[in-house]
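Following the hints, put chain P in place on chain B, whose structure we already have.
For the protein sequence lines, the chains are B and P, in the order given.
In terms of the numbering used here, the first sequence opens at residue 1 and continues consecutively.
In terms of the numbering used here, the second sequence opens at residue 1 and continues consecutively.
Don't read these hints as lab results, they were simulated from the structure.
Hints may contain errors.
To be verified - Subject to a maximum C-alpha distance of 30 Å in a straight line, what follows is the list of computed DSS-like cross-link-like pairs (lysine-lysine):
id	chain 1	residue 1	chain 2	residue 2
1	P	79	P	89
2	P	89	B	36
3	B	36	P	79
As the list claims (entries may be wrong) - Residues of chain B placed beyond 10 Å of chain P at every Cβ, according to the derived structure:
id	residue
4	8
5	50
6	104
7	124
8	134
Note that CB positions come from ideal geometry on N, CA and C, so glycine has one too.
These are the residues of each chain, in order.
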Amino acid sequence: MWRYFVPVAVLAVLAAFFYGGLHLNPSRITSPLLGKPMPEFSLPTVRDPAASIGSADLRGQVTLLNAWGTWCVECRHEHAFLLELARSGVPIYGLNLKDDRAAAVAWLDDLGDPYVTSAFDADGRVAIDWGVYGAPETFLIGRDGTVLYKHISPMTPAVWRQDFVPLIERECGSAPCPSLGPQ
Amino acid sequence: MPESRPAMTGRLGALVALVSIVAAVCASAQQPPGQPIPPIDDPALDARYQALIHEVRCLVCENRSIAESPSDVAHDLKKLIHEMVLAGKSDAEIAEFLAARYGDSILYRPPVQPNTWVLWGGPAVLLLLGAFVFVRIVRARAAQPIEEDEPE
Chain B
1 MWRYFVPVAV
11 LAVLAAFFYG
21 GLHLNPSRIT
31 SPLLGKPMPE
41 FSLPTVRDPA
51 ASIGSADLRG
61 QVTLLNAWGT
71 WCVECRHEHA
81 FLLELARSGV
91 PIYGLNLKDD
101 RAAAVAWLDD
111 LGDPYVTSAF
121 DADGRVAIDW
131 GVYGAPETFL
141 IGRDGTVLYK
151 HISPMTPAVW
161 RQDFVPLIER
171 ECGSAPCPSL
181 GPQ
Chain P
1 MPESRPAMTG
11 RLGALVALVS
21 IVAAVCASAQ
31 QPPGQPIPPI
41 DDPALDARYQ
51 ALIHEVRCLV
61 CENRSIAESP
71 SDVAHDLKKL
81 IHEMVLAGKS
91 DAEIAEFLAA
101 RYGDSILYRP
111 PVQPNTWVLW
121 GGPAVLLLLG
131 AFVFVRIVRA
141 RAAQPIEEDE
151 PE
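This is chain B alone, in the form it adopts within the complex (with noise of 0.2 Å):
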């Protein structure tokens, strides 16, 4: 009985492995920033040098906040979701990447401006502290500026209704809670 037992057990074991991994995506890389504080940073506005946005403007409501840069091709494409979903009253901010400034202004311009404010980060020193690498990548940050969720690629209205919604349902119990975006 054994002589057929053992290979058996062996051979369902490691099936059951490459079934699992069957349905890893191996590019998905979950944040270590979950769950964790929000890390602090400090930046000028993208459309003005002068001014300044932070970690510290985001504490106390429910926020997105989304990399994105001119150079990024699906950045366009999400664009217009990001457009709704700030039109529906989600308050977005935009981390702006290395970027070339007048780029950046002419393209909130041309193609819209989602953003409550978008944060501009030449040297991608803040990104790298986000664990950012590429855009367009996206954030939840909960009230009290914890990173509640992270979605890599553009954002869909397939995602934000599965992924994001309900963790803004659960951040916000019974408190008054922002837009849930375009139903």
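Using the frame of chain B, we list chain P on its own:
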């Protein structure tokens, strides 16, 4: 990229398409490369810097270290590690800094902790299991009486 190109058929066409898709995906995550990073004057520090950048995974194009990757984020991380080495940070401090931001998967040799026990211990366990099976089979065979060759 040319707007239109003659249709290619067969495996070569598929391969070319795949390569260009991968190239486009990688390129979309990139920006123009920054200034080249100069070597560190102190040979000992430079050796540490070189060793470190070969131990850090490039997250944009996987399975390459940031030393080998031409991507922009790899360049930024190299620059940062360069600065940290010059600022006197230890290898452990630099590894911790990166893992706190990008996760343990950025390190080719992640720390030994509960979620990496299988990774670190798995090969040894499999080797021991194999050795156990091997010994059992050899012993079982050795215990068998040697049979006479059957007559033709």
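Taking the hints in turn, this is what the structure says about them:
1. P/79 with P/89: Judged against 30 Å, a Cα distance of about 14 Å means the pair holds.
2. P/89 with B/36: With a Cα-Cα distance of about 24 Å, the restraint between residue 89 of chain P and residue 36 of chain B holds, given a limit of 30 Å.
3. B/36 with P/79: holds (26 Å)
4. 8: Correct as stated: the minimum Cβ-Cβ distance to chain P is 14 Å, above 10 Å.
5. 50: holds (26 Å)
6. 104: holds (13 Å)
7. 124: violated (5 Å)
8. 134: Given a closest Cβ separation of 4 Å, the condition is violated.
The structure shown violates the earlier hints numbered 7 and 8.
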